[in-house]
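Enquirer: The whole structure should be built from the sequences, with the hints applied where relevant.
Top to bottom, those sequences are chains R and E.
With this note's numbering applied, the first sequence covers 1 to 307.
With this note's numbering applied, the second sequence covers 1 to 307.
Calculated from the structure, these hints are not laboratory results.
The structure displayed is predicted, hence computed values, not measured ones.
Listed below are several chain E residues computed to face chain R (Cβ distance under 8 Å; list not exhaustive): (1) Ser185; (2) Leu186; (3) Lys205; (4) Gly209; (5) Val218; (6) Tyr220; (7) Pro225; (8) Glu227; (9) Lys259; (10) Ile263; (11) Phe302; (12) Asp303.
Backbone N, C-alpha and C define an ideal beta-carbon position, used for all residues, glycine too.
There are 2 protein chains.
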Amino acid sequence: MSLITVGTMAFDAIETPFGKVDKIVGGSATYVAYAASNFVNDVKQISIIGYDFPTEELEELKSRGVKVDGVEMITDKKSFFWSGKYHTDMNTRDTLVTDLNVLADFNPIVPESYQGAEFLMLGNLMPKLQMSVINQLKVRPKLIVMDTMNFWMDIALDDLKEVLTKVDVLLVNDGEARQLSNEVSLVKAAKKIMTMGPKFLIIKKGEHGALLFHENHVFYAPALPLEEVFDPTGAGDTFAGGFIGHLAKTKDISFENMKTAIIVGSAMASYCVEKFGPERLKEVNKADIQSRIDEFVQLVSFDIDLV
Amino acid sequence: MSLITVGTMAFDAIETPFGKVDKIVGGSATYVAYAASNFVNDVKQISIIGYDFPTEELEELKSRGVKVDGVEMITDKKSFFWSGKYHTDMNTRDTLVTDLNVLADFNPIVPESYQGAEFLMLGNLMPKLQMSVINQLKVRPKLIVMDTMNFWMDIALDDLKEVLTKVDVLLVNDGEARQLSNEVSLVKAAKKIMTMGPKFLIIKKGEHGALLFHENHVFYAPALPLEEVFDPTGAGDTFAGGFIGHLAKTKDISFENMKTAIIVGSAMASYCVEKFGPERLKEVNKADIQSRIDEFVQLVSFDIDLV
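Expert: Spelled out as C-alpha cells, the structure:
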C-alpha cells in the first residue's frame with residue numbers, strides 16, 4: 001500500500017541532559033519515513049534538502065523502499081537546520097536556532113509517479129503547503145493524517161483551519177489541542193476540534209501517552225515507562241510514521257484498528273528516544289517492534305473479573 | 001474484612017476555575033472512608049476532630065459501616081483547616097491557609113476494638129504518627145499501604161524512611177517519587193524506592209493516570225478523560241480508599257489484583273472530582289462504580305492480533 005509523506009528533511013543540533021550532538025539528520029519526513037518503512041515498502045517522500053544533505057542518508061532511505069523522486073535538492077543552499085536544548089524533565093525544550101535555508105523556498109510538487117497513493121501523511125509544515133499537496137492529488141487518498149503545531153495556530157490559523165476541513169486525522173499535543181479549541185478540558189477540546197473537519201483526533205501527551213478520539217469514543221494508550229529517555233527529538237513524527245504505516249499496511253481505517261496503530265506508533269516512538277536523532281530507528285527490526293508491542297500489552301492488561 | 005484508616009478529618013476552603021466553597025468537609029481519612037466503605041463494611045477510622053466537625057458527617061460515615069471509636073474529639077479546639085486555590089490547568093494549586101488546630105495535638109491511639117485488622121491505610125500524616133500506629137498493632141496487618149507527600153520529605157526524611165521499611169505499598173505522585181529517589185526517570189525512581197522497603201510502588205500522575213511497580217513488573221492505568229474536573233481535592237485519597245477497599249474486599253494482595261484495585265481506585269477518583277469535596281462520593285452506588293469501571297475497560301482495550 002502506498003503512502004505519501006510530506007515534511008522536512010533537515011539537520012538538528014540537540015542538547016539533552018545526557019549529551020549533545022552538533023549536527024545530526026532530522027526533520028519530520030525523515031522520522032516518518034524511517035518509522036513507516038517498517039510497515040510499507042512504498043513510502044513516497046516529498047521534501048526539500050540542500051547541497052549538504054548526506055547522500056548516504058538518501059541511499060539508506062531508498063534501501064528501505066522510500067521513494068525520493070519528490071525530494072527536491074537545492075544545490076546552492078543549505079538544508080533546514082534546527083537547534084534545541086531539552087530541560088531536565090525532557091518534556092520541555094528551548095529552540096536555540098531555526099535556520100530555514102532551503103525551507104524558505106519549499107513549494108512541494110507531487111510527482112506524477114506518486115499519484116494514486118491511498119495514504120497521505122502531512123508532516124508539520126506551513127498549512128498552505130499542506131493544502132497545496134492535497135490539491136495536487138488527482139484522487140483523494142483513503143486517509144489523510146495531518147500533523148501541525150502551535151506556531152501555525154499563532155501565525156496562520158485561518159490557513160490551518162482550511163486544511164483541517166480536508167483531513168481525516170489530526171495529530172496535536174495537549175497544549176495545542178487546548179489552544180486550537182480554547183477549551184481546557186481535553187474531552188471538550190476534542191469534541192470541538194472534531195467539528196472543524198477531522199473525524200479522528202489524536203492528542204499526544206509525551207511521556208503520558210496518547211488519546212484517540214472519534215465520535216463519542218476515546219482510547220488511551222500509555223507511553224512505555226522508560227528507564228532512559230535519551231533524546232525525545234522526532235518522537236512525535238516517529239509515532240505518526242508508525243501509526244500511518246500500520247494503517248497503510250493493514251488498509252483498515254476503523255477506530256479499532258487505529259487503536260492498534262497507536263500502539264504501533266508508540267512502540268516506534270519508544271525506540272526513537274533511545275538514541276540521538278533517528279539512529280535507533282535504523283537499527284530496529286520486526287522482532288524488536290513486536291517485542292515492544294508485547295510490552296505495551298503487558299503494561300495495560302488487567303483482569304477485571306474480580307470486581 | 002477489616003481495614004484501619006488513619007488520617008485527617010478536616011474542613012477545606014477550595015477555589016477552582018469552576019467555583020469556590022468556603023467550608024466543606026475534607027481530610028484524607030474522610031475521603032478514604034467514603035471510597036473504601038463501598039467495598040468493606042468494617043472501616044475503622046483513626047483521626048482527630050474539633051468541636052466544629054459536623055455530627056451529621058460522622059453519622060453518615062457510621063451509616064456506611066465506618067467505625068469512629070478511633071476518632072478523637074477535642075472539645076475546645078477547631079478541626080484542621082486547609083484552604084487552596086487551583087490553577088487553570090487543575091494540575092497545580094496554591095495552599096492559601098493551613099490551620100493545624102486539633103492536628104497539632106494528634107497522637108493517634110489504636111482502640112482495642114481495632115486490633116486484628118488485616119489492612120492498614122496510613123493516610124498522609126507526619127511520619128512519626130504513621131509509625132506510632134504501626135507500632136501499636138499487636139498483629140502486623142496483611143497489607144500496609146502508606147501515603148505521604150513532599151512536605152515530609154523536606155522536613156522529616158529520616159522518619160519517613162523509617163516508616164518506609166515497615167510498609168508494603170507506597171503511594172506518591174511523580175514529583176514526590178523523583179524527590180524521594182533523586183532520579184528523574186520514574187523507572188529508576190521506582191527501582192530505588194523499592195529498595196527502601198515497599199515491595200509495591202504506585203506513582204500517581206493525576207490526569208495522566210497511575211503506574212504500579214513491583215519487582216520487574218509495571219502496570220499503567222490511565223485516568224479517565226473527563227469533560228469537567230470540577231474539584232480535584234481528595235482525588236488521591238479517594239483513589240487510595242478505592243484501592244485498599246478492593247484489596248480488603250477480595251483479600252487478594254497479588255500484583256494482578258493490585259492492577260484491578262488501581263482501576264477501582266481510579267474509578268472512585270473520577271467520581272470524586274465531579275463535585276466539591278466528598279459530595280459526589282456520597283451519591284454513587286455500586287452500579288455507578290461498575291459502570292465507570294466498564295468505561296476504563298473500554299478506554300484501554302485494544303486488539304493487537306492485527307499487527
